Amino acid sequence: MANTDATTLDEGPDLLIPGMGEEGEKLVVQQAETQPAEDEETKFGTSRADRKTSFDLADFPVLTGEEEDWRFTPLHRLANLHLPEGDDNLLTGAAPAVTVTDQDGVSIETVGRDDQRLGSFMVPDDRTSAVAWNSFSEATVVTIADNVNIEEPVKISVEGNSTDPAAQHIHVAIGANSKVNLVVNQTGKAVVSQNMEFAIGEGATANVTSIQAWDDETVHVGSQQASLGKDSTFKHVVITYGGSLVRLTPITRFAGEGATTNMYGLYFADAGQHMEHRIFIDHSTNNCTSDALYKGALQGKGARSVWVGDVLIRGNTSGTNSFEKNENLLLSEGAQADSIPNLEIETGIIDSGGHASSVGRFDEQQLFYLMARGIPEPLARKLIVRGFLNEIIQKIGIEDVEAAVTEVMEEEIADLEL
Amino acid sequence: MSTLEIKDLHVSIETDQGDKEILKGVSLTIKSGETHALMGPNGSGKSTLAQAIAGHPSYTVTSGEILLDGEDVLEMEVDERAQAGLFLAMQYPVEVPGVSMSNFLRTAKTALDGEAPAIRTWTKDVRTAMDNLEMETAFATRNVNEGFSGGEKKRAEILQLELFKPKFAILDETDSGLDIDALRVVSAGVNRAQENNDMGSMLITHYTRILRYIKPDFVHVFVDGKIVDSGDEELADRLEDEGYVNYEKTEAPA
Ligand SMILES: Nc1ncnc2c1ncn2[C@@H]1O[C@H](COP(=O)(O)OP(=O)(O)OP(=O)(O)O)[C@@H](O)[C@H]1O
Ligand SMILES: [Mg+2]
Chain R
4 MANTDATTLD EGPDLLIPGM GEEGEKLVVQ QAETQPAEDE ETKFGTSRAD RKTSFDLADF
64 PVLTGEEEDW RFTPLHRLAN LHLPEGDDNL LTGAAPAVTV TDQDGVSIET VGRDDQRLGS
124 FMVPDDRTSA VAWNSFSEAT VVTIADNVNI EEPVKISVEG NSTDPAAQHI HVAIGANSKV
184 NLVVNQTGKA VVSQNMEFAI GEGATANVTS IQAWDDETVH VGSQQASLGK DSTFKHVVIT
244 YGGSLVRLTP ITRFAGEGAT TNMYGLYFAD AGQHMEHRIF IDHSTNNCTS DALYKGALQG
304 KGARSVWVGD VLIRGNTSGT NSFEKNENLL LSEGAQADSI PNLEIETGII DSGGHASSVG
364 RFDEQQLFYL MARGIPEPLA RKLIVRGFLN EIIQKIGIED VEAAVTEVME EEIADLEL
Chain D
14 MSTLEIKDLH VSIETDQGDK EILKGVSLTI KSGETHALMG PNGSGKSTLA QAIAGHPSYT
74 VTSGEILLDG EDVLEMEVDE RAQAGLFLAM QYPVEVPGVS MSNFLRTAKT ALDGEAPAIR
134 TWTKDVRTAM DNLEMETAFA TRNVNEGFSG GEKKRAEILQ LELFKPKFAI LDETDSGLDI
194 DALRVVSAGV NRAQENNDMG SMLITHYTRI LRYIKPDFVH VFVDGKIVDS GDEELADRLE
254 DEGYVNYEKT EAPA
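Chains as they are written, first to last, in my numbering: chain R, 4 to 421; chain D, 14 to 267.
Hint data in this document are derived by calculation from the structure and do not stem from the laboratory.
Quick caveat, the model's predicted, so the values are computed rather than measured.
We put the CB at the ideal spot given by N, CA and C, even for glycine.
Careful: at least some of the hints might be erroneous.
[Said to hold, decoys possible] From the structure, some residues in chain R lie toward chain D, with a derived Cβ separation under 10 Å: (1) Thr56; (2) Phe58; (3) Phe75; (4) Leu78; (5) Val144; (6) Thr146; (7) Glu367; (8) Gln368; (9) Leu370; (10) Met374; (11) Pro379; (12) Ala383; (13) Arg389.
Put together the whole structure using the sequences plus the hints.
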């Protein structure tokens with residue numbers, strides 16, 4: 004939607020990106036002579052490379068709301084998942100129930116905290132993730148064998164049944180050279196801080212869709228961290244529409260060269276819903292490709308979304324291709340979307356890179372065009388919103404899931420106040 | 014037989030400096046089967062006239078009338094005008110991401126006719142119309158105007174003209190940006206619509222070239238928000254030679 008855009012761009016202090024601006028543009032990027040500024044203490048948009056990661060809760064002080072990565076989150080709505088009173092009272096509620104479809108090539112285990120696979124590559128990078136890490140008692144481990152091609156999507160159902168603050172840990176390992184479609188469907192009522200790990204084996208192709216279809220009262224903060232083996236492909240599609248507050252931090256790291264990640268997302272925020280997605284793609288090795296596209300539709304008073312896209316292309320890497328984009332459609336007054344793409348290039352030599360972001364209202368020209376062809380206004384508006392969201396739904400690539408999400412979106416759109 | 018009457022139409026737009034009058038009293042009557050060419054300098058208000066007839070919200074009609082067979086067009090919403098039989102082929106057709114041409118065409122046809130077209134004949138009609146306009150069928154699966162070249166967008170407008178069968182069409186610089194072959198193909202499409210449906214049309218153009226393919230019954234000269242001269246095809250040739258300088262001189266300085 005190229006219209007009234009309140010575009011927010013954050014390019015970091017020392018980044019020169021000539022010709023930046025138009026969406027979809029392939030950019031020639033010239034590196035600045037200097038390293039990013041050192042005074043990151045005070046600087047908004049400090050290097051993502053300096054973000055603390057730790058298993059130790061003490062490394063993440065009690066939140067004030069001033070923190071760079073928490074400044075958009077209404078802490079009072081976190082239902083104590085961030086332990087505002089201090090580190091002593093860890094989360095003890097019953098975690099949402101996990102069930103996984105039983106299929107050949109898929110093993111499902113419930114393991115204790117001491118299982119060596121847990122936290123083998125993921126490290127909490129914010130307070131709620133560290134709280135979850137220190138709180139959970141049992142974890143679910145889903146393992147896809149090596150060299151298997153699993154035709155039927157593996158479905159992981161996460162079903163909440165309580166609003167006692169809880170912690171959850173789920174570890175998914177995809178074997179080398181295997182191919183799998185995986186759908187995580189999160190429903191019910193919950194107050195949960197969740198860590199999810201995706202270990203993608205060498206040469207594997209993993210297509211993961213995570214659907215947040217929680218009940219209205221649910222509060223969900225979640226970290227979904229993936230580590231990509233050499234030459235693997237990881238597609239991560241986030242669909243968020245249910246819950247009071249959902250804050251997801253999907254992270255992709257490259258453990259080997261030549262891997263590709265596509266990180267997509269769609270959120271539909273209604274009145275009073277806070278939906279926050281902060282992605283991080285860490286280009287720490289050579290010849291990796293990333294493409295991120297998130298789209299959001301917001302309607303109703305107090306509908307709120309936050310999107311932050313941190314892409315870090317580290318020094319001494321080469322052959323990186325990276326593009327990220329976020330588009331938001333405000334369907335009514337009183338909704339607010341923040342969008343911060345943050346492409347940070349250290350001294351690496353990149354093939355291509357770029358970012359784009361927009362927050363727009365209805366495109367009146369599109370509306371006029373459709374109506375000038377006889378299509379009544381309510382239907383014209385629905386066609387436009389549907390068209391806007393379809394781009395992400397089509398990325399899921401699993402027919403029945405696409406159909407189900409389409410149906411949900413049709414219902415959301417049917418409720419549009421016109 | 015239908016009639017589209019424009020009577021002493023005044024149209025303003027809102028600008029940062031306040032309202033600005035663009036159309037300063039346009040009167041024109043078009044009957045079924047007639048072709049009226051409208052020629053005039055850049056910025057004289059031709060597109061404004063076209064958009065005001067279609068009901069674009071940016072343009073405010075301050076006085077005057079538009080009547081379609083006696084019905085007050087200005088009272089109608091944008092979609093109602095189209096349903097009443099008016100069609101505007103736009104100078105700059107709009108891209109609508111995520112909405113496929115085929116879905117769009119069927120949705121519009123359904124809205125225009127008040128019922129869904131029979132699936133078999135509709136598919137055939139679309140195919141035939143696309144063939145006639147030498148459009149690849151792949152366009153049906155692409156999103157409305159998205160990534161279309163300038164010429165492809167114009168063809169897509171005429172495709173709609175043929176499928177929707179309006180009583181009156183306003184063609185706003187449909188010929189601009191068309192190559193020589195495309196001009197011929199697109200003109201043939203307009204002529205077919207005219208013959209098959211006894212369509213009346215207002216053809217906004219800067220060039221006499223298209224008038225070799227689509228014969229105008231009348232040529233109007235449009236300067237500074239009104240029609241300042243009318244004649245037959247020869248007037249267009251004269252404009253081609255002399256430009257608008259004679260008309261602009263007659264304008265009294267404000
Ligand atoms: N939305 C708008 N905002 C400001 N000015 C406008 C707007 N729409 C039209 N105008 C002005 O109104 C005048 C008439 O424009 P219009 O597009 O109708 O001209 P035209 O005759 O179609 O020109 P062309 O031959 O270049 O297509 C121009 O001066 C134009 O700048
Ligand atoms: Mg014009």
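The hints, checked one at a time:
no., hint, result
1, Thr56, "violated (38 Å)"
2, Phe58, "violated (43 Å)"
3, Phe75, "violated (27 Å)"
4, Leu78, "violated (36 Å)"
5, Val144, "violated (39 Å)"
6, Thr146, "violated (38 Å)"
7, Glu367, "holds (7 Å)"
8, Gln368, "holds (5 Å)"
9, Leu370, "holds (9 Å)"
10, Met374, "holds (4 Å)"
11, Pro379, "holds (5 Å)"
12, Ala383, "holds (8 Å)"
13, Arg389, "holds (7 Å)"
Hints 1, 2, 3, 4, 5 and 6 from the list above are not met by this structure, while the remaining hints are.
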